[in-house]
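Enquirer: Since the structure of chain A is provided, determine the placement of chain B on it from the hints.
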Amino acid sequence: MLHKDLLSLEDWSCTEIQHLIDFAFDLKVRLKMGERLTHLAGQKLVLLFYERSTRTKMSFIQAAHLGGAQAVTIAASESSVTKGESLVDTVRTLEAIGASAIALRHPAAGAATLAASRVSIPVINAGDGWHAHPTQTLLDLLTIQEKYGHIDGLTVAIIGDILHSRVARSNIDAFSRLGARVKVAGPPTLLPTGLSQLGAEIVTDPAAAIFDADIIYLLRIQSERQAEGYLASLSEYNQLWGLNRDLLAQAPAGALVMHPGPANIGLEVNYDVASSPQALFTRQVSNGVAVRLAVLTMLLRGEKQWSKHSQAVAF
Amino acid sequence: MVKALTGGRLLDPAANIDQKDTLIIENGLIKEITASTPPNGAEIIDVSGCLVVPGFIDLSCRPGSINSSSLVSLGQAALQGGFTGLTILPDTKPPLTDSLRLAGLQALAQQHCPVQLFPLGALSRNLAGAELADLGSLAEAGGRGFSDGLRWPTDSKLLLLALKYAATFGQPLFIHPEDPALVASGLMRESQTATRLGLPAIPAAAEEVAVARDLLLAQAAGGRLHFVHLSAANSIALLRWAQQQGTAVSAAASLAHLLLTYNDIRTYNTNFKLQPPLGSSADQGALITGLRDGTLAAIVTDHTPASPEQKDREFSAAAWGGSFLRHAFPLLYTRLVRSGKLDLATLISCLTAGPAKVLGLSQIGTLAPGSLANITVIDPAAAVTISAQQLPLNEQNTPFLGQQVAGLPVLTLVKGVVAYAKEDFSCPNTRP
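Residue numbers (this note's numbering), protein chains in the order written: chain A, 1 to 315; chain B, 1 to 432.
Only chain A is shown next, with the shape it has when bound in the complex (with noise of 0.2 Å):
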């Protein structure tokens, strides 16, 4: 199938995202032994975002340069919409001036749907609201496949504030669905309706989602749930399900620990998780110019590459 868009990983089967992570893999192979892309020379990404980012603008940005393409950043704050204008009028807008794709971060959960239903262009969801951040899952996912050679048969416990995570929705359905099993913890207040439904184990107790797990799978929690009344407090929060060398001694040796970023540092993990060699942060984060450079050339070179995952692909 041929997608316009990279709105949800949901509308994609498992096998196109095998795909996708092989060939990113493939690139990012190509990159590190110094070969010049330039298969997306004349294209302009436009990075529309209406939330702040570090990791997610600036791997768009280098994978665009990587690829020979253009970036150009418009934040919300210091544009036209701050004039009240629409983010249908905005995205058809940018299209009219020639973008030829747009990577779109939104407070608003499918953000992302409505402004792929309003232009031509490529539309690359690049986190809406609680909904979805697909690259997200994609860089996830290669840096498992990275570790481990395979994600399926992989025990994955996903902590945290499963509630307002895009992150945790995405990966839930694509773990899920390429064969991991996914257990989910955190503070009940804090897990939302349905979550086996979406292919997730629900487990409170965070050493019982660990004792079994290959992957640990860290979600930030924003300070603000406190005053929401979610978390009774942000240190009861650290105490019983922050990431610590003791809770992490009762996973198996050698367990991996993994973190959409930014980490809170002494709430969500301690220190010395974060930086002891089973955490991957900053591996996840490097993956994601590979990944956000497979989604360009895939959504923007056309279907040609599918065929070639993985294998020498001739631009």
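Just so you know, the hints here were simulated from the structure itself, not pulled from any lab data.
Bear in mind that the values here come from a model prediction, so they are computed numbers and not experimental data.
Some hints could be false.
[Claimed, not checked] What follows is a set of in silico ranges between Cβ atoms, one per label pair, in the way DEER data are often shown:
#1 A:68 to B:384: 49 to 59 Å
#2 A:261 to B:248: 52 to 62 Å
#3 A:271 to B:309: 47 to 57 Å
#4 B:155 to A:224: 22 to 32 Å
#5 A:277 to B:185: 39 to 49 Å
#6 B:67 to A:4: 36 to 46 Å
#7 B:245 to A:261: 55 to 65 Å
#8 A:189 to B:245: 33 to 43 Å
#9 A:272 to B:307: 53 to 63 Å
#10 B:184 to A:117: 21 to 31 Å
[To be verified] Far from chain B, some chain A residues (derived; all Cβ distances over 10 Å):
#11 57
#12 77
#13 93
#14 113
#15 128
#16 130
#17 169
#18 193
#19 195
#20 197
#21 236
Yeah, the Cβ is synthetic: ideal placement off N, Cα and C, and Gly gets one too.
Expert: Same frame as chain A, now just chain B:
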């Protein structure tokens, strides 16, 4: 001037009328139902093959801005949908918070809106939920009940006193039961679908706790309480319990909640963003059961026009509500009656006698001789596909675009005058 509707099936279940006879209208009133030949000189309107029912009455309309053009479109939408009476919730722009505004609305409507309007006055001053509005002067100025619109009176004491005070005027309080603390920033009903879509969720308890409190206050205070719309199965069960206790409480179900569930919100289509939020299929079933067993007195449209720029937005930023007046009956007839979920008699009652009773009006919602000749004629075979092209810009916010429906109103009479005739309805011909 005498009019005679001939050849149709006259149906008014609440008055036990179901017969193929002639309906005679004189001086804006229904004069009689007769099997004999119409009097000489009467204008004969042949409605063979059609249903002749009392004009529909809506207990919940939210037209937004009050001005001549919004009232013109409201009237047109109502007449095309076979509605001859509309209840206007007071959270309009400007809101119906004092007797001057109520009088102003009625004066404007006199000129621009050919259907009967039943405006509700504010329950609390400025709809702020803190102190009682001047219920007496609002009632005197034509208020047909009191309400804070879609704001639930969170202050229990205020509601208790309002129930007692309003009893003086024999008018009901129209309550939208939804606890704002539980609604918070929610956009749809809590469910697996909400979780998958990543939309902030509203638990069913947001409505249920509000219903439970209000029912208990109604028991304590007396007075009449009417819920504008209920959407959760537990709310219906609570209402049924209170009615069995003899409490004077009534409620309606909205058209959208009878026909849709939250599973229909698949692609963030903002036309499904409704207040209260759409429920589960179990809730839907409970609403239909509630209509069948009489727990629910009425079906409302919750007609809320919105411009495309208010709806063509992110789900969180889009306006709430949908436009339903024009195709309300055909939708309900096609999706509930034709599919066997509800009988035609109950559907008609819930759009006529049921709402008239809630408003305490005996002259409308019935075909009984002596009542106002507000009459709707329906051609059960006439069908249409609902499409945006056929709708005014501010009524395209319907979740039913693309649906084929049958049972279109072809003629709507208000006080004996033909206020609407479907374009292909053969013009009334006068027999010598």
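Enquirer: Now look at each hint and say whether the structure bears it out.
Expert: Going through the hints against the structure:
1. Look at residue 68 (chain A) against residue 384 (chain B): about 54 Å separates their beta carbons, and that is inside 49 to 59 Å.
2. The hint said 52 to 62 Å for the Cβ distance between residue 261 (chain A) and residue 248 (chain B), and at roughly 59 Å that hint holds.
3. Between residue 271 (chain A) and residue 309 (chain B) the C-beta distance comes to about 50 Å, which sits within the given range of 47 to 57 Å.
4. Checked against the given bound of 22 to 32 Å, the beta carbons of residue 155 (chain B) and residue 224 (chain A), roughly 28 Å apart, stay inside it.
5. About 41 Å separates the C-beta atoms of residue 277 (chain A) and residue 185 (chain B), a value consistent with the hinted range of 39 to 49 Å.
6. Here the CB-CB span from residue 67 (chain B) to residue 4 (chain A) is close to 42 Å, well matched to the stated 36 to 46 Å.
7. Distance hint check: the CB atoms of residue 245 (chain B) and residue 261 (chain A) are about 58 Å apart, consistent with the given range 55 to 65 Å.
8. Restraint check, residue 189 (chain A) to residue 245 (chain B): a C-beta distance of roughly 36 Å satisfies the suggested window 33 to 43 Å.
9. Take residue 272 (chain A) and residue 307 (chain B): their Cβ atoms lie about 57 Å apart, and the range 53 to 63 Å holds.
10. Separated by about 28 Å at the C-beta atoms, residue 184 (chain B) and residue 117 (chain A) satisfy the suggested range of 21 to 31 Å.
11. At roughly 20 Å, the least C-beta separation between residue 57 (chain A) and chain B is larger than 10 Å, which holds for a residue marked as non-interface.
12. No Cβ of chain B approaches the Cβ of residue 77 (chain A) within 10 Å, the least distance being about 16 Å, so the stated non-interface status holds.
13. Every beta carbon of chain B lies more than 10 Å from that of residue 93 (chain A), the smallest distance being close to 15 Å; the non-interface claim holds.
14. Here residue 113 (chain A) does not stay apart from chain B, with its beta-carbon only about 5 Å from theirs, under the 10 Å limit.
15. With a least CB separation of 7 Å from chain B, residue 128 (chain A) falls inside the 10 Å interface cut-off, contrary to its annotation.
16. Once the 10 Å rule is applied to beta carbons, residue 130 (chain A) is inconsistent with being away from chain B; the minimum gap is 4 Å.
17. For residue 169 (chain A), the shortest C-beta to C-beta distance to chain B comes to about 6 Å, within the 10 Å cut-off, and the non-interface label is violated.
18. For residue 193 (chain A), the requirement that its beta carbon stay farther than 10 Å from each beta carbon of chain B is not met, with the minimum near 5 Å.
19. Against the 10 Å criterion, residue 195 (chain A) falls within the reach of chain B, whose nearest CB is about 7 Å from its own CB.
20. The claim that residue 197 (chain A) is not at the interface with chain B is violated, since a C-beta of that chain comes within 10 Å of its own (minimum 5 Å).
21. The beta carbon of residue 236 (chain A) sits about 22 Å from the closest Cβ of chain B, which is more than 10 Å, so the claim that it is off the interface holds.
In this structure, the hints that do not hold are numbers 14, 15, 16, 17, 18, 19 and 20, in rising order.
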